[in-house]
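Here is what each chain is made of, one letter per residue.
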Amino acid sequence: MKTIIKYVLIDLLKNRTILIYTLVLAVLTISVTGMSDNMSKGMLSLLNITLLFVPIISILFSTIYFFNSAEFTELLLAQPIRRKSMLLASYTGISTALGLAYLAGVGVTVCVLYNSLAAIALVISGVLLTLIFSALALLIFVVFKDKTRGIGAAIITALFFTLLFDGLLLAFIYSFSDYPIDQPLLAFISLNPVDLARILVLLQLDAAVMMGYSGALFKKFMGSAMGTIYTTACMLCWMIIPLILAVRIFRKKDI
Amino acid sequence: MIRINHLTKSFKKFRALDDINLQLERGQTISLLGPNGSGKTTLIKSILGLVIPEKGSIHINGQEIRSHWSYRSKIGYMPQIGRYPENMTIRQVLAMLREVRRDCKQYDEELIHQFDLPSFDHKLMRNLSGGTRQKVSACLAFLFSPDILILDEPTAGLDPVASEILKDKIARERANGKLVLITSHVLSDLDEITSHVVYLQEGKLICFKTVEELKESTGQHQLNKVIAAMMQTHLHENNY
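Top to bottom, those sequences are chains A and B.
Per this note's numbering, the very first residue in the first sequence carries number 1; after that it's consecutive.
Per this note's numbering, the very first residue in the second sequence carries number 1001; after that it's consecutive.
Okay, chain B solo, but in the shape it has when bound:
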């Protein structure tokens, strides 16, 4: 569904992404892991067309994304930091996105109801807490029932209840045959919903494996231990 070939991107001298090759398919939930500054957000933004690649190509459903902006109607994006126009209410933000996306007639309002947004949707965006803004971002990502979901740190700032609601929703969408791409630092959070792990370090793709494969190869059962084991082996390799 998403095919990435030899993707390279540098910011001045800094190599943010270095020759990344990936093939992502329907029904996968992919955790994008890596230390800070390893290129996770750059990879996501390249897929969204926000960062323009230096070399390499990205194909979505067989279509090269460069210069075709309409492919983005298939993607739902939840940014890491959601900041909205201060003087708009939640209701206005939702209405605005609906008007921007006139091509879409089928709305998925499940999350809006589960987060109970209508009961406080007259509030101004500037008066909302960080967690509530995250809820709005999540609702917007799912609203147009896209085939591909890209969630950048979705559970950061959410309370445990909201976080569970969101994870359930992600699991359901995956069962519906959608592709979900998640970055997160909180590894235990992703344990139950992840099917594949992409591990990036210093812009390089270190591994792309299913969770089962990883557990077998490292002999650990919890995802965070698996990753910790993997990071350590890489540190060793770098040291010698």
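This is chain A alone, in the form it adopts within the complex:
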């Protein structure tokens, strides 16, 4: 398993898309931090960049990579290797590569410049989003046989969580505005990893209460500490459950 992770990383760290992704993140981070005079504003812009770029790039790139290496996976599975280790090794390789890209692009600058709890929360949420969306990509790879359909599913998944879900959330709030829906709303938000990432960072900023309904809710109900633990746990579930499902389906898949 270690061998496969090692060589996936060797292949990916020379990959042009990964390098460009790192570079774009770095340029954005440096320009944003240079422009904004106070930390809160800078953090919020960086948060929006993270929430916009990380999910879609992670899921698209991983899906394409998994489908492109399907033939090589087949060759490796003809060797005495367990299917499970093969699948998890390639997942580990790709999520490590994307995670490192995020750390190099955003993490380093932010931690050096701001060096606060919020900065750490931002980096953690970015990395968690990378892990979650590459796990979802793995699930897509296992479920779909065809590359084109797989990429389509990846785009839809990313758009659903970054754009559509908020619409559903608003519709939910409007239609039930006469009822006490605070707690159901908390559960509803847990269904979206992108929202969870947003809340994880907002809880560390004083702006939490001003940044919309969900942030205020979390602060009110759980306070910063409990809220942080809850969101992190939910995000870890968002990574682990797709992985377990993917392994289960892959065990019985015809390659």
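By construction, these hints were calculated from the structure, which means they are not laboratory data.
Backbone N, C-alpha and C fix where the C-beta goes; we use that ideal spot for every residue, glycine too.
A hint or two may mislead.
Derived DEER-like restraints, expressed as beta-carbon distance ranges [claimed, not checked]:
| no. | chain 1 | residue 1 | chain 2 | residue 2 | range |
| --- | --- | --- | --- | --- | --- |
| 1 | A | M1 | B | G1056 | 27 to 33 Å |
| 2 | A | N68 | B | K1123 | 14 to 20 Å |
| 3 | B | F1011 | A | L13 | 35 to 41 Å |
| 4 | B | F1011 | A | M226 | 28 to 34 Å |
Start from chain A and add chain B according to the hints.
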């Protein structure tokens, strides 16, 4: 060495393999023939455990293959289309497979030298031609001196020189008492090295005979004519 009992596999409604029974032994070189979509690749992939059979069983050296993945250390596989990670060099691919197969200490590097791989093994996989990639696949299949060799369209895309080198290698391995299973469309290519023919059509096993038997029964001397004669008789049977 390989025993296949009542192997059946369908993809949705399509029957890819229909009740296949086969007994393959050491020292045989078996050509797996049949029209496109007749189930050749599915049969090979079932033996490799890549396709999970619906009914029936496959035994290798008396051991049922289901849920035992370690039997694959005895098999060398050359896929039809070899695609490798783009940014890895040939050398890295070879090193990776060696590390994956730590159980094997005896390497068979004959093909690597005959194809002169070391002289260009710093090249990236994405810059290689299809034929060169086939050469890498062939080297990987033979590298761990397996008892069973499964080659899916091995000579497709190879130039005549490389193709001859590969055929010589297959003949030598057969003489060493290994079992070689080949699929190919180019029948004349297999003429000299085949000992048995398995003919599949629409997932059914039509015949499993030695080349001599086939030549006698059809009265033809070249393998491609034998097969053509056989296909025609089957078409007739289907028509009436």
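Hint-by-hint comparison with the structure:
At roughly 32 Å, the beta carbons of M1 of chain A and G1056 of chain B sit within the given window of 27 to 33 Å. One distance hint, 14 to 20 Å for the beta-carbon pair N68 of chain A and K1123 of chain B, holds here, with the actual separation near 19 Å. Checked against the given bound of 35 to 41 Å, the beta carbons of F1011 of chain B and L13 of chain A, roughly 38 Å apart, stay inside it. The given range of 28 to 34 Å is broken by F1011 of chain B and M226 of chain A, whose C-beta atoms sit roughly 50 Å from each other.
Of the numbered hints listed earlier, the single one contradicted by the structure is hint 4.
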